[in-house]
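Numbering (the working numbering), first residue to last: 1 to 125.
Hint data in this document are derived by calculation from the structure and do not stem from the laboratory. Since the structure is predicted, the reported quantities are computational estimates derived from the model, not experimental observations. Incorrect hints may appear among the rest.
[Stated by the list, open to error] Taking CB as the label site, the calculated pair distances span: (1) Gln58 <-> Ser37: 57 to 63 Å; (2) Asn87 <-> Asp18: 34 to 40 Å; (3) Thr100 <-> Gln63: 17 to 23 Å; (4) Asp28 <-> Gly73: 20 to 26 Å; (5) Gln70 <-> Pro123: 32 to 38 Å; (6) Asp83 <-> Asp19: 21 to 27 Å; (7) His42 <-> Gly103: 48 to 54 Å; (8) Gln59 <-> Glu31: 40 to 46 Å; (9) Glu117 <-> Ser67: 24 to 30 Å; (10) Asp62 <-> His90: 21 to 27 Å; (11) Thr14 <-> Gln58: 16 to 22 Å; (12) Gln59 <-> Asn87: 37 to 43 Å; (13) Ala10 <-> Gln59: 25 to 31 Å; (14) Gln58 <-> Pro38: 51 to 57 Å.
Every residue, glycine too, gets a C-beta built ideally from N, C-alpha and C.
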Amino acid sequence: MPDAEILRNAPLPTKVPDDGLIIVRDGDVGEPEVTLSPTRYHYHHRAEIEALVQEGEQQMRDQALDSLLQAIGETLALHLTLDGAVNYLHIGSPEFLSETIEGASTIKAAVVPVYLEYTTTNPLI
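Please model the complete structure; the sequences and the hints are all you need to start from.
In structure tokens form, the structure reads like this:
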């Protein structure tokens, strides 16, 4: 990953570090599909990754966010099972947002849905 700061479930900031910020959101586990004998819980979990950059010029903002998203995509492509934690991971299309901050550079962000598919014998583990 790039030198961006990575946080989990953090509130949205008013100032983004120079190298960008990545916030991983736990998302919604949803209701599992259950099979019996033996009991198994099959999840299709939707999490989110928020990528944020803050630059004065629009072209620099767009380029910084593109680079950050490319790095996230390349990293996830190398870890489609999250080192065995899930059966499969796939990425959805990002939603782009901009936030103007009075007296500061504009923040540009992308919210990337990440779908985690896994099976467990205990929904609390």
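Outcome of the hint check:
1. Gln58 <-> Ser37: 57 to 63 Å: Since Gln58 and Ser37 have Cβ atoms about 58 Å apart, the given range 57 to 63 Å holds.
2. Asn87 <-> Asp18: 34 to 40 Å: holds, 37 Å
3. Thr100 <-> Gln63: 17 to 23 Å: This hint holds: roughly 19 Å between Cβ atoms.
4. Asp28 <-> Gly73: 20 to 26 Å: Given about 22 Å between the Cβ atoms, the range holds.
5. Gln70 <-> Pro123: 32 to 38 Å: holds, 35 Å
6. Asp83 <-> Asp19: 21 to 27 Å: holds, 25 Å
7. His42 <-> Gly103: 48 to 54 Å: Cβ of His42 to Cβ of Gly103: about 49 Å, so the range 48 to 54 Å holds.
8. Gln59 <-> Glu31: 40 to 46 Å: holds, 44 Å
9. Glu117 <-> Ser67: 24 to 30 Å: holds, 28 Å
10. Asp62 <-> His90: 21 to 27 Å: Given a distance of about 25 Å, which is inside 21 to 27 Å, the answer is holds.
11. Thr14 <-> Gln58: 16 to 22 Å: holds, 19 Å
12. Gln59 <-> Asn87: 37 to 43 Å: holds, 40 Å
13. Ala10 <-> Gln59: 25 to 31 Å: Distance hint for Ala10, Gln59 holds at roughly 28 Å.
14. Gln58 <-> Pro38: 51 to 57 Å: holds, 55 Å
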